[in-house]
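Participant: Listed here are the chains, written in short residue letters.
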Amino acid sequence: MLERAAVLNAEGLRCKELCEYDAGRACYERALALLESAGNADPAAIATLYHNLGGIEHARGNHVAGERFARRGLAIRQGLAVPDPEGVAADQVGLAALLDGQGRHQEAAALYAAAVTCLERSPRDVAHDLGSALHNLGSRHAECGELDRAEELLRRAASLKRGALGPAHHDLAGTLCNLAVVRAGRGDAAEAAALFADAAAILARALGPAHPRTEECRLNAARLAAAPAGPKPVGRALQAD
Amino acid sequence: MSATSRESVSISLTPGQRAEVRRATGRDAETLEVPVRALEERVVPRLAANHNETRLALPPIGA
Numbered sequence: 001m002l003e004r005a006a007v008l009n010a011e012g013l014r015c016k017e018l019c020e021y022d023a024g025r026a027c028y029e030r031a032l033a034l035l036e037s038a039g040n041a042d043p044a045a046i047a048t049l050y051h052n053l054g055g056i057e058h059a060r061g062n063h064v065a066g067e068r069f070a071r072r073g074l075a076i077r078q079g080l081a082v083p084d085p086e087g088v089a090a091d092q093v094g095l096a097a098l099l100d101g102q103g104r105h106q107e108a109a110a111l112y113a114a115a116v117t118c119l120e121r122s123p124r125d126v127a128h129d130l131g132s133a134l135h136n137l138g139s140r141h142a143e144c145g146e147l148d149r150a151e152e153l154l155r156r157a158a159s160l161k162r163g164a165l166g167p168a169h170h171d172l173a174g175t176l177c178n179l180a181v182v183r184a185g186r187g188d189a190a191e192a193a194a195l196f197a198d199a200a201a202i203l204a205r206a207l208g209p210a211h212p213r214t215e216e217c218r219l220n221a222a223r224l225a226a227a228p229a230g231p232k233p234v235g236r237a238l239q240a241d
Numbered sequence: 001m002s003a004t005s006r007e008s009v010s011i012s013l014t015p016g017q018r019a020e021v022r023r024a025t026g027r028d029a030e031t032l033e034v035p036v037r038a039l040e041e042r043v044v045p046r047l048a049a050n051h052n053e054t055r056l057a058l059p060p061i062g063a
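So the sequence lines, in the order shown, correspond to chains A and B. The opening position of the first sequence corresponds to residue 1 in this note's numbering, with each subsequent residue numbered one higher. The opening position of the second sequence corresponds to residue 1 in this note's numbering, with each subsequent residue numbered one higher.
Chain B extracted, bound-state conformation:
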């Protein structure tokens, strides 16, 4: 596995993995590009934070 940029990593597939990809997708692939963020979420699950957002109100029409 090697880092190709800040955004993604490239994972070299084993012959068995290549065969699985071919079975599942019908395509040949030697490597898999995975976004770093997606990989992190699988290796070290992070808890998602909610967003406290202000809600504006429409006043009564004609008021």
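The shape of chain A in the complex, shown without the other chains:
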């Protein structure tokens, strides 16, 4: 049962990467139905499926719908018989991103801070989760115009992800893109263009040369290479790919 749910979950993750959101959601819902019908299913697995349903809605910009799933997953994980503080922290980051998307920035910032504190103290290998939390926290600072702090956090996030995932993972590309936006915001179009070009190369290998994110990075690199000098304002992307 858990093995079938794990296969469906993996397929849901793949669908999210490929921007096939309806298919991804269907995979998670089938996995959830399997586990919930079993009666004695692992509640941690159920919490993760709700977390991932929230992730699908985050990816397509349905933040209110995603928040409901994320809160459900977080509540389940907080109630586990064997505490999982790192799992709770990862759920908090997922929920915070959905609140951020609704403009509820203070609530999001508090959750990011709590999650980062927990993950930094963890003896476990949480580099990917910590990198992701720092990515979002850094992006929050960037949107507030705090570009020094944003850059520091995003560089740390990129370093953690490079170590945990290797240099060719698409999650690293996302952080390089946000770092590029911050560098452009500080007037360094040359480094920003190079970062977008690096991200485009990673995404072309990981998701394909025609993937919308690959094309967006390639276009941004070209625009910056041809741009006049001077700082560029920082904004938030429409989340749907």
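Calculated from the structure, these hints are not laboratory results. By construction, the Cβ of each residue, glycine as well, lies at the ideal position given by its N, Cα and C atoms. The reader is advised that the hints may include incorrect statements.
[To be verified] Some chain A residues near chain B, calculated using beta-carbon distances under 7 Å: (1) 6; (2) 45; (3) 51; (4) 52; (5) 55; (6) 94; (7) 97; (8) 132; (9) 139; (10) 170; (11) 174; (12) 178; (13) 181; (14) 184.
[As the list claims (entries may be wrong)] Sample of chain A residues lacking proximity to chain B, with all beta carbon distances greater than 10 Å (derived): (15) 37; (16) 72; (17) 156.
[What the hints assert, rightly or not] Just a few of them, taken from the derived set where beta-carbon distance is under 10 Å, the chain B residues facing chain A: (18) 12; (19) 16; (20) 52; (21) 60.
Given chain A's structure and the hints, the job is docking chain B onto it.
Facilitator: Structure of chain B alone, referenced to chain A:
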């Protein structure tokens, strides 16, 4: 099997397993070191969680 640290466990190989390792790799080994996390993922499969990451946008150049 014994825990040698928080990070990995050491598994003593049987003579048959040693022979298989020798056939597959050409190397002699009496034990196998396995990271705890890798072992857990095989014994108790965990579902992987995705990461909701904020995407910043580059505004139109010249805007």
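Participant: Evaluate each hint against the coordinates.
Facilitator: Tested hints:
no. : hint : result
1   : 6    : holds, 5 Å
2   : 45   : holds, 5 Å
3   : 51   : holds, 5 Å
4   : 52   : holds, 5 Å
5   : 55   : holds, 4 Å
6   : 94   : holds, 5 Å
7   : 97   : holds, 4 Å
8   : 132  : holds, 4 Å
9   : 139  : holds, 4 Å
10  : 170  : violated, 11 Å
11  : 174  : holds, 5 Å
12  : 178  : holds, 5 Å
13  : 181  : holds, 4 Å
14  : 184  : holds, 6 Å
15  : 37   : holds, 16 Å
16  : 72   : holds, 14 Å
17  : 156  : holds, 15 Å
18  : 12   : violated, 25 Å
19  : 16   : violated, 27 Å
20  : 52   : holds, 4 Å
21  : 60   : holds, 9 Å
Of the numbered hints given earlier, the model fails hints 10, 18 and 19; all others are met.
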